[in-house]
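2 protein chains.
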Amino acid sequence: MTSKQTTANTTSPIGIAAKGYAVDSASTPFKLFNFERRMPAADDVVIRIHYCGICHTDIHQVYNEWHMSKYPMVPGHEITGVVEQVGSSVKHFRAGDHAGVGCMVDSCRKCHICKKDTEQNCADSCLTYNSTELDKVTPTYGGYSNLIIVKEHFVCKIPKNLPLDAAAPLLCAGITTYSPLRRYKVDKHTQLGIVGLGGLGHIGVKLGAAMGAHVTVISTSESKRDDAMKLGAKAFLVSKDDEQMKTAANSLDLIIDTVSAPHDVAPLLNLLKFEGVYCAVGAPTKPLEIGAFTLLMKRPTITGSLIGGMKETQEMLDFCGKHNITCDIEKIEATPETIKTAYDRTVKADVKYRFVLDILNAFK
Amino acid sequence: MTSKQTTANTTSPIGIAAKGYAVDSASTPFKLFNFERRMPAADDVVIRIHYCGICHTDIHQVYNEWHMSKYPMVPGHEITGVVEQVGSSVKHFRAGDHAGVGCMVDSCRKCHICKKDTEQNCADSCLTYNSTELDKVTPTYGGYSNLIIVKEHFVCKIPKNLPLDAAAPLLCAGITTYSPLRRYKVDKHTQLGIVGLGGLGHIGVKLGAAMGAHVTVISTSESKRDDAMKLGAKAFLVSKDDEQMKTAANSLDLIIDTVSAPHDVAPLLNLLKFEGVYCAVGAPTKPLEIGAFTLLMKRPTITGSLIGGMKETQEMLDFCGKHNITCDIEKIEATPETIKTAYDRTVKADVKYRFVLDILNAFK
Numbered sequence: 119m120t121s122k123q124t125t126a127n128t129t130s131p132i133g134i135a136a137k138g139y140a141v142d143s144a145s146t147p148f149k150l151f152n153f154e155r156r157m158p159a160a161d162d163v164v165i166r167i168h169y170c171g172i173c174h175t176d177i178h179q180v181y182n183e184w185h186m187s188k189y190p191m192v193p194g195h196e197i198t199g200v201v202e203q204v205g206s207s208v209k210h211f212r213a214g215d216h217a218g219v220g221c222m223v224d225s226c227r228k229c230h231i232c233k234k235d236t237e238q239n240c241a242d243s244c245l246t247y248n249s250t251e252l253d254k255v256t257p258t259y260g261g262y263s264n265l266i267i268v269k270e271h272f273v274c275k276i277p278k279n280l281p282l283d284a285a286a287p288l289l290c291a292g293i294t295t296y297s298p299l300r301r302y303k304v305d306k307h308t309q310l311g312i313v314g315l316g317g318l319g320h321i322g323v324k325l326g327a328a329m330g331a332h333v334t335v336i337s338t339s340e341s342k343r344d345d346a347m348k349l350g351a352k353a354f355l356v357s358k359d360d361e362q363m364k365t366a367a368n369s370l371d372l373i374i375d376t377v378s379a380p381h382d383v384a385p386l387l388n389l390l391k392f393e394g395v396y397c398a399v400g401a402p403t404k405p406l407e408i409g410a411f412t413l414l415m416k417r418p419t420i421t422g423s424l425i426g427g428m429k430e431t432q433e434m435l436d437f438c439g440k441h442n443i444t445c446d447i448e449k450i451e452a453t454p455e456t457i458k459t460a461y462d463r464t465v466k467a468d469v470k471y472r473f474v475l476d477i478l479n480a481f482k
Numbered sequence: 119m120t121s122k123q124t125t126a127n128t129t130s131p132i133g134i135a136a137k138g139y140a141v142d143s144a145s146t147p148f149k150l151f152n153f154e155r156r157m158p159a160a161d162d163v164v165i166r167i168h169y170c171g172i173c174h175t176d177i178h179q180v181y182n183e184w185h186m187s188k189y190p191m192v193p194g195h196e197i198t199g200v201v202e203q204v205g206s207s208v209k210h211f212r213a214g215d216h217a218g219v220g221c222m223v224d225s226c227r228k229c230h231i232c233k234k235d236t237e238q239n240c241a242d243s244c245l246t247y248n249s250t251e252l253d254k255v256t257p258t259y260g261g262y263s264n265l266i267i268v269k270e271h272f273v274c275k276i277p278k279n280l281p282l283d284a285a286a287p288l289l290c291a292g293i294t295t296y297s298p299l300r301r302y303k304v305d306k307h308t309q310l311g312i313v314g315l316g317g318l319g320h321i322g323v324k325l326g327a328a329m330g331a332h333v334t335v336i337s338t339s340e341s342k343r344d345d346a347m348k349l350g351a352k353a354f355l356v357s358k359d360d361e362q363m364k365t366a367a368n369s370l371d372l373i374i375d376t377v378s379a380p381h382d383v384a385p386l387l388n389l390l391k392f393e394g395v396y397c398a399v400g401a402p403t404k405p406l407e408i409g410a411f412t413l414l415m416k417r418p419t420i421t422g423s424l425i426g427g428m429k430e431t432q433e434m435l436d437f438c439g440k441h442n443i444t445c446d447i448e449k450i451e452a453t454p455e456t457i458k459t460a461y462d463r464t465v466k467a468d469v470k471y472r473f474v475l476d477i478l479n480a481f482k
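Residue numbers (the working numbering), protein chains in the order written: chain L, 119 to 482; chain H, 119 to 482.
A hint or two may mislead.
[What the hints assert, rightly or not] DSS-like cross-link-like pairs, simulated, lysine-lysine; straight-line CA separation at most 30 angstroms: (1) H:Lys254 to H:Lys228; (2) L:Lys254 to L:Lys275; (3) H:Lys254 to L:Lys303; (4) H:Lys449 to H:Lys233; (5) H:Lys254 to L:Lys306; (6) L:Lys233 to H:Lys391; (7) H:Lys228 to L:Lys233.
[To be verified] To list a few chain L residues with every Cβ distance to chain H over 12 angstroms, as calculated: (8) Ala135; (9) Pro190; (10) Lys303; (11) Ser357; (12) Pro380; (13) Lys391; (14) Glu393; (15) Glu407; (16) Phe481.
Treat the hints as calculated values from the structure; they're not laboratory data. We put the CB at the ideal spot given by N, CA and C, even for glycine.
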């Protein structure tokens with residue numbers, strides 16, 4: 119295709135050749151995978167992928183830890199790149215734009231949840247990988263690949279002042295923490311707690327600080343104190359230090375808990391002020407245990423949040439553009455071997471704070 | 119004292135003779151107990167107790183099931199009676215008024231929690247029994263007694279059209295369910311679920327229906343269906359019937375869970391709409407187990423509620439007066455033996471829906 123604009127052709131069996139890295143099962147290594155992307159429809163944006171972040175979700179899915187994996191799987195939902203062409207009805211993008219794709223590529227767009235701009239919670243939302251298109255048949259393949267074709271509604275603009283590599287994790291880690299910060303109206307009056315200083319936590323600290331909040335990082339490890347402060351935190355609590363935790367009781371308005379490993383939330387809830395909010399953005403496999411007396415005496419709001427809607431994701435990127443916020447990353451070459459090493463290190467929390475794959479160079 | 123008004127005399131060691139039923143330990147029976155109430159201060163209301171409801175909390179405390187019991191204990195915090203005299207600065211009560219006292223008799227009234235009219239959550243709130251006055255020394259004795267002296271701020275007016283016996287449980291069971299219904303703005307658009315059809319649940323159904331909500335009762339037992347409907351429910355779910363529970367998934371805006379026995383809340387949360395509210399008003403001793411995926415996918419508000427503030431309690435009583443709502447009760451003679459029998463039956467949930475002790479006749 120030479121034209122920069124295509125016409126609608128959603129039913130064509132002929133696709134566009136694409137290549138990526140896929141796994142065929144939970145126990146086999148990544149390999150080069152040749153596949154077809156759909157022919158772009160009128161509302162589609164074709165994006166040449168430059169970078170893709172490695173989210174912990176990728177690891178859970180590749181290893182089938184959530185028991186819902188479909189293979190072959192091309193992971194990756196922290197995607198940035200450059201628009202290569204757009205369909206005839208696409209309004210807000212043109213070739214050359216910096217674009218991002220996050221965790222979803224479609225939703226029903228008709229239900230009350232979609233109409234509230236929370237497409238991520240739509241029962242029919244189509245995830246970027248390990249999922250299907252709305253037809254419930256066509257598999258979706260993610261961002262460890264050279265090219266992606268996505269409906270305009272699910273594509274975001276990346277502000278030009280943000281580097282595409284360090285911006286990539288904003289599409290998942292960024293929006294995941296931004297959404298509850300906005301939902302609970304964080305501002306300069308907010309005493310904000312961020313639990314865990316990993317991929318999600320580190321960007322949560324930056325975003326919370328940029329919104330003016332007094333940010334306290336709560337971590338199991340004293341060793342993260344200096345980094346927390348450099349990222350913008352004003353206070354640091356070691357969650358295993360009962361004395362510190364007791365002194366800070368009833369001090370926080372909002373806690374964003376980014377930890378995905380099973381952990382005791384009771385000491386965290388104790389940090390909340392009366393009617394404070396605890397919001398989980400991680401997904402521990404063990405249920406959270408919440409004491410009834412805590413609910414009665416503190417009447418907190420205990421809730422969770424899953425990424426964010428498309429409108430909110432764009433708002434987050436614009437906010438990051440304005441405040442010049444990106445993620446702290448380790449950019450790496452993208453090969454089956456480097457991905458494996460990055461997975462191993464991510465599992466050990468040995469990364470500050472996100473690996474980002476150099477996709478463009480891998481598939482040149 | 120013959121005057122209907124007294125002057126301030128908070129330091130007098132001389133009290134007013136009172137009598138009630140007390141237990142001396144978790145394993146000894148109720149006995150007649152002679153004690154002194156304080157001399158009324160300028161802001162005190164002296165109430166001749168006519169009726170006192172038996173709340174499940176009384177049973178937990180008498181048997182020291184919450185490991186915080188102090189003896190001798192005169193239980194009872196669902197108190198109605200008639201004002202006998204008032205202190206010189208009392209503005210809103212006079213002799214002859216119908217008055218009610220609930221679960222608390224004082225609080226600091228200075229903290230931000232008190233200033234929000236949520237005195238029940240004040241760290242220094244003084245409970246009606248098994249607690250102390252603000253001095254942290256003087257024990258409080260509850261409503262299984264002939265007389266109580268309470269600061270005006272903690273006394274409510276009972277609308278004259280409500281019978282004092284059936285109104286008594288409004289002071290605890292009524293406000294406990296009313297408060298979250300108001301907090302979450304229940305009206306004719308609300309799909310409301312009430313879990314458990316006991317003392318709390320039955321009045322919750324009446325209040326919710328009077329606010330216009332579509333009320334669904336969720337119970338372990340099909341046998342309660344007819345009663346639920348008679349009380350004002352429009353639908354009924356047997357929580358053990360997976361099929362029924364599945365059909366009703368994502369249908370409720372607000373769930374008030376009145377069950378104090380440990381139970382699985384996951385099937386209840388499944389009934390909530392996206393962003394629905396689950397509010398515990400019972401206090402199971404085992405923590406609630408909340409799955410992280412439920413938090414992320416449904417982003418509910420999980421919270422709890424403890425009775426209500428004084429302003430809200432008066433509002434509830436006025437609402438009940440306007441809608442002619444009282445509790446369904448079994449009124450019984452008040453003797454150590456009848457109390458024991460009532461406790462045994464309450465533990466077996468063999469009461470529709472609240473025992474109320476005839477205190478006036480017991481201490482004539």
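Consistency of the hints with the structure:
1. Taking the CA atoms of Lys254 (chain H) and Lys228 (chain H), the gap is near 17 angstroms; set against the 30 angstroms cutoff, the hint holds.
2. As the CA atoms of Lys254 (chain L) and Lys275 (chain L) are separated by approximately 28 angstroms, the hinted pair is consistent with the 30 angstroms bound.
3. A distance of roughly 39 angstroms separates the Cα atoms of Lys254 (chain H) and Lys303 (chain L); the hinted pair therefore is violated under the 30 angstroms criterion.
4. With a C-alpha separation of about 37 angstroms, the suggested pair Lys449 (chain H) and Lys233 (chain H) falls outside the 30 angstroms cut-off, and the hint is violated.
5. For a cut-off of 30 angstroms, the pair hint linking Lys254 (chain H) to Lys306 (chain L) is broken: about 38 angstroms separates their Cα positions.
6. With a CA separation close to 15 angstroms, the supplied pair Lys233 (chain L) and Lys391 (chain H) stays within the 30 angstroms bound.
7. Proposed proximity of Lys228 (chain H) and Lys233 (chain L) is contradicted: the alpha carbons are some 44 angstroms apart, above 30 angstroms.
8. Chain H leaves Ala135 (chain L) outside its interface by the beta-carbon criterion, the shortest separation being 36 angstroms against a cut-off of 12 angstroms.
9. With a cut of 12 angstroms on Cβ distances, Pro190 (chain L) stays outside the contact zone with chain H, its closest approach being about 25 angstroms.
10. Residue placement check: Lys303 (chain L) keeps its beta carbon more than 12 angstroms from all beta carbons of chain H (closest about 15 angstroms).
11. No beta-carbon of chain H is positioned within 12 angstroms of the beta-carbon of Ser357 (chain L); the least distance is around 18 angstroms.
12. Residue placement check: Pro380 (chain L) does not keep its beta carbon more than 12 angstroms from all beta carbons of chain H (closest about 9 angstroms).
13. Lys391 (chain L), annotated as away from the interface, has a beta carbon of chain H within 12 angstroms; the closest lies near 9 angstroms.
14. Against the 12 angstroms criterion, Glu393 (chain L) falls within the reach of chain H, whose nearest CB is about 8 angstroms from its own CB.
15. Distance check for Glu407 (chain L) against chain H: the nearest CB is about 4 angstroms away, which does not clear 12 angstroms, and the non-interface claim fails.
16. Every C-beta of chain H lies more than 12 angstroms from that of Phe481 (chain L), the closest at about 33 angstroms, which supports listing it as non-interface.
This entry does not satisfy hints 3, 4, 5, 7, 12, 13, 14 and 15, going by the numbered hints stated previously.
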